[in-house]
Amino acid sequence: MAKKAMKEYLLLFRGGADPEDMTPEQMRATMNKWMTWMGGLKKKKQLGQGHPLQDGGKLLSGAKGRNAAKLTDTPESVSGYMLIKAGGLAEATRIARGCPIFINGGTVELRAIQEMPGM
8 MAKKAMKEYL LLFRGGADPE DMTPEQMRAT MNKWMTWMGG LKKKKQLGQG HPLQDGGKLL
68 SGAKGRNAAK LTDTPESVSG YMLIKAGGLA EATRIARGCP IFINGGTVEL RAIQEMPGM
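Residue numbers in the sequence shown follow the working numbering, run continuously in steps of one, and reach 126 at the last position.
These aren't lab readings, by the way, just hints derived from the structure by calculation.
A couple of the hints might just be wrong.
[What the hints assert, rightly or not] Dumping the calculated PhoX-like pairs for lysine-lysine here, alpha-carbon to alpha-carbon at most 25 Å: (1) Lys65 / Lys11; (2) Lys51 / Lys14; (3) Lys14 / Lys65; (4) Lys14 / Lys49; (5) Lys52 / Lys11; (6) Lys11 / Lys71; (7) Lys77 / Lys65; (8) Lys51 / Lys77; (9) Lys92 / Lys40; (10) Lys65 / Lys50; (11) Lys11 / Lys51; (12) Lys92 / Lys11; (13) Lys52 / Lys14; (14) Lys65 / Lys51; (15) Lys92 / Lys14; (16) Lys49 / Lys92; (17) Lys92 / Lys52; (18) Lys50 / Lys92; (19) Lys92 / Lys77.
[As the list claims (entries may be wrong)] Distance ranges between label pairs, derived from CB positions: (20) Gly105 / Asn74: 36 to 46 Å; (21) Arg73 / Gln121: 20 to 30 Å; (22) Arg35 / Ala70: 45 to 55 Å.
Backbone N, C-alpha and C fix where the C-beta goes; we use that ideal spot for every residue, glycine too.
Starting from the given sequences, assemble the full structure and let the hints guide the process.
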């Protein structure tokens, strides 16, 4: 039987625990949960790039992005991202539901990566 082609998906993380509000023990426990989850994905060759994002930044708009507004972080701000590989949206959803961000009230936005022919 042919192996199902894997598609790439983007997970956008919002909210969750603020590391500045956590004790060192809470931070270690949270990081261990993330490392366990990501380690399982890595073992299955489903883990791509991903990083937390620093607070702040700029929101560019207008002609050629000439308008630049300072980003103010809110619970709805993107706090990190991760690329994963899955056989379809159902599997990607199952993977995303295992994310530890939900423990601390965060959310995950799941989006399929659009393939660009010739790229």
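* Asked: Broken hints, numbered, in rising order?
  -> 1, 3, 6, 8, 10, 14 and 19
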